[in-house]
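Same order as they appear, the protein sequences are chains A and B. In this text, residue positions in the first sequence follow this note's numbering: the first is 1, and each later residue adds one. In this text, residue positions in the second sequence follow this note's numbering: the first is 101, and each later residue adds one.
Simulated from the structure, these hints should not be mistaken for laboratory data. Note that the Cβ used here is the ideal one computed from N, Cα and C, for glycine as well.
If you want the footprint, here are the derived chain B segments under chain A, 3+ residues with CB under 8 angstroms:
1. 248–262
2. 308–318
3. 323–332
Straight-line C-alpha distance at most 20 angstroms; calculated SDA-like pairs for lysine to any residue:
4. B:Lys-311 with B:Ala-486
5. B:Lys-311 with A:Ser-88
6. B:Lys-311 with B:Cys-288
7. B:Lys-311 with A:Ile-90
8. B:Lys-311 with B:Pro-489
9. B:Lys-311 with B:Trp-380
10. B:Lys-311 with B:Pro-378
11. B:Lys-311 with A:Pro-91
12. B:Lys-311 with B:Gly-491
13. B:Lys-311 with B:Pro-299
14. B:Lys-311 with A:Tyr-89
The lines below spell out each chain.
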Amino acid sequence: MTPAAYALLLLAAADDVAIAVRDLEPGTVRTSAGRSLPLREAVELGHKVAVRHLRAGADVVRFGMVIGTATADIAAGEWVHTHNLASSYIPTVARRGGAR
Amino acid sequence: MTEPLLGYPRADGRIGIRDVVVVVYLVECARAVADAIASGRDDVHAIGFPGCYPSGYAARMLEMLCTHPNVGAVALVSLGCEGFDRERLADVVAASGRPVTTLVIQQLGGTRSTVARGRAWVDEARSRAGAARTVAIELTDLVVGTICGGSDGTSGITANPVVGRVFDRLVAAGGTAVFEETGELIGCEHHMAGRAVTPELGREIVERVGKAMAYYTAMGHGSFAPGNADGGLTTVEEKSLGAYAKSGSGPIHGVVTPGQPIPGPGLYLLDVVPEGPPRWGFPNINDNAEIAELIAAGSHVVLFTTGRGSVVGSAISPVVKICANPQTYRRMSEDMDVDAGRILDGRDGIDDVADEVMQLLHAVAGGRPTASEELGHREFVLTYKASEPTGPSCLPLVR
Chain A
1 MTPAAYALLL
11 LAAADDVAIA
21 VRDLEPGTVR
31 TSAGRSLPLR
41 EAVELGHKVA
51 VRHLRAGADV
61 VRFGMVIGTA
71 TADIAAGEWV
81 HTHNLASSYI
91 PTVARRGGAR
Chain B
101 MTEPLLGYPR
111 ADGRIGIRDV
121 VVVVYLVECA
131 RAVADAIASG
141 RDDVHAIGFP
151 GCYPSGYAAR
161 MLEMLCTHPN
171 VGAVALVSLG
181 CEGFDRERLA
191 DVVAASGRPV
201 TTLVIQQLGG
211 TRSTVARGRA
221 WVDEARSRAG
231 AARTVAIELT
241 DLVVGTICGG
251 SDGTSGITAN
261 PVVGRVFDRL
271 VAAGGTAVFE
281 ETGELIGCEH
291 HMAGRAVTPE
301 LGREIVERVG
311 KAMAYYTAMG
321 HGSFAPGNAD
331 GGLTTVEEKS
341 LGAYAKSGSG
351 PIHGVVTPGQ
361 PIPGPGLYLL
371 DVVPEGPPRW
381 GFPNINDNAE
391 IAELIAAGSH
401 VVLFTTGRGS
411 VVGSAISPVV
421 KICANPQTYR
431 RMSEDMDVDA
441 GRILDGRDGI
451 DDVADEVMQL
461 LHAVAGGRPT
471 ASEELGHREF
481 VLTYKASEPT
491 GPSCLPLVR
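Chain B extracted, bound-state conformation:
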């Protein structure tokens, strides 16, 4: 019925649905050079870390992102004096079989010469044979992430339950899905625990939502923006109830933290809230910080539900915009991929829109650009965080 899906094979055995060259600034001071190397090319994306001091979290995140299935080659851009361990990152990328180069601005003579060298290297990496869609894949071979941003009173009724239905179908068919933001699940922890595949995992989920509660309380501000209230959401627990619908109704197979890979098929919760006492500010400063973590976990594609109307996309993986609010869809349709607001007044049901999202996922995996890709959105955010990988109690099915 549908065309067979083909992906890009990588030397490490992973399969991508995009073929992106990433240009990675290793400190903010190298960012303008990285942006200039990437500029003007749809499939060359600038990502990076602005801090000068080393961060184990940022190092793990960039290792995961640079070896992501959608990434085919990597150019590292270093100023030269920053704390980031560029040799280690280059080694990890090289070990994955991806072409990698390191450009050190202080050694190459400054901005112009580094940009010229970088662009020449990217041209060569681009022209090298082999980057072709040759391997048959199924939707269930992909990792699908989800996030909600600019939520309103319609999100929990239309777009979020649609994603939940899509997740139920993908996971039941043997696929992999990941949802996130423990701070936006406050109030849902006991219901979630009841879906965990073991009692230990259930206890972990309750504890981790408690950690999120303590963290946000210390920040003096919940994960709740003024626009959420403008759109009819009154409390963080009401927002949570809506956000939680994205996870569907099936069993929860495990919990991972940012920088940790999804270990196998199933439904996973990404706990984005840092470990230990609050340090370095909010768990994630905006939606793109969270999208970067979903992609680092392996997400080939991200389903982004919005009520108020977000326009962002991302570097590396396509972002599919599912609009919850029919008024917003009419106002901002150029930024949206799916009109889920039609559920609100009964024109269509959750399953009808879930069918549309499944078909769209297939098309996007095959190369059709999403609205945010078409519009050139390639946002990327990575800041400091204290993060530790989870242990066996969070991943009961991993042998």
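Extracted from the complex, chain A is given alone in its bound form:
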């Protein structure tokens, strides 16, 4: 099989985020559900991208499960990580310089 035609893997149809299957540069990218999305920044393999607008305080769903709460408004095509998503259980501790 040839490498995937999609850049972002959507694990469940109703998910808020999709996963980068390779390192991505800004620009128009396709999801595994066949949708085009304006990627706003470079995103590394394994990281998450919002597939729709997410309001601050909203639950964020990956693979059908809540993985935390949005701490800021997140636009469709924006990188989702520790700067805009927080645990509902135990805060995430990163090395100095932050995650990435």
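Dock chain B against the given chain A, drawing on the hints supplied.
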């Protein structure tokens, strides 16, 4: 289609897939001597406990490890003044029918004489006839453990679901599988409870994950390393969701704690979080502390999934490295046994890679060294912990 699998029979009726002599330091002060006795031999592994004060948990763990099916003989190395009950451990090993000796450094005249005595004893134990693969076994006769380490955003999509598929197949065929780390299942407790074979077991699982949550909160740090975030995982519940995939989709038959044996076929959760108020620090200080507990529970082999790229192996049982991330696999392929990252861009499916892992399990059980065995990784970690065996509500099928 495949060659029949043969294992090493033990006097206590268990069957191993490796024939290891363990050299056991009973306090850190005896460790260099134990390392010197074991050094230079692939099938002689140094394990032990660094503490000077007695620990019921460490005593149970070493009893289970020294009578593990993959262990054929045991040399205990004591400084002489530490608190560990070496006579009891020697009695337990002897009762299992394994050759055992106790070397007390303060009685034998120091480092050189103890190392010489130890190496001579190991040579003799090694040359004794009988350690041969003579008993036919099936994969379903083995206990297979799993752990994830250095997880990233790909782990929960590729390598972990592959292990879940392998576990589903093994358990459906009558095999035994064990997954672990209640602290990395935070957020999955209610889904897990729905898979428990009884409502009581389901309630136990929810309570035990709650205990893990309280414990890690007291530590001020979840089971989450900076590298997890570098790799795209943002929260502990997101990491849990991925880790949980290793358990597959079948019924959960019971919960055990470290030092307790897996009582029979089925899928078991190893609750690694200590009982009671937090004492002595984190539940497990690193991946090898957890691997040691999986092996003490009886694991003949451990399936280790990694995204960022771990290189560790273990004393006693082979560790199979299943790499979740295709970039990591390209960078560190010498340390990996399976490339599961090919699922990510659709080159292969979960079942294709699960087929490969089943075939590899068969080969490794038959003696083929894993990458970490080949590279000489024999890590071992055991520290203080408060641990109690679980009761009937956690083991509903045990009569």
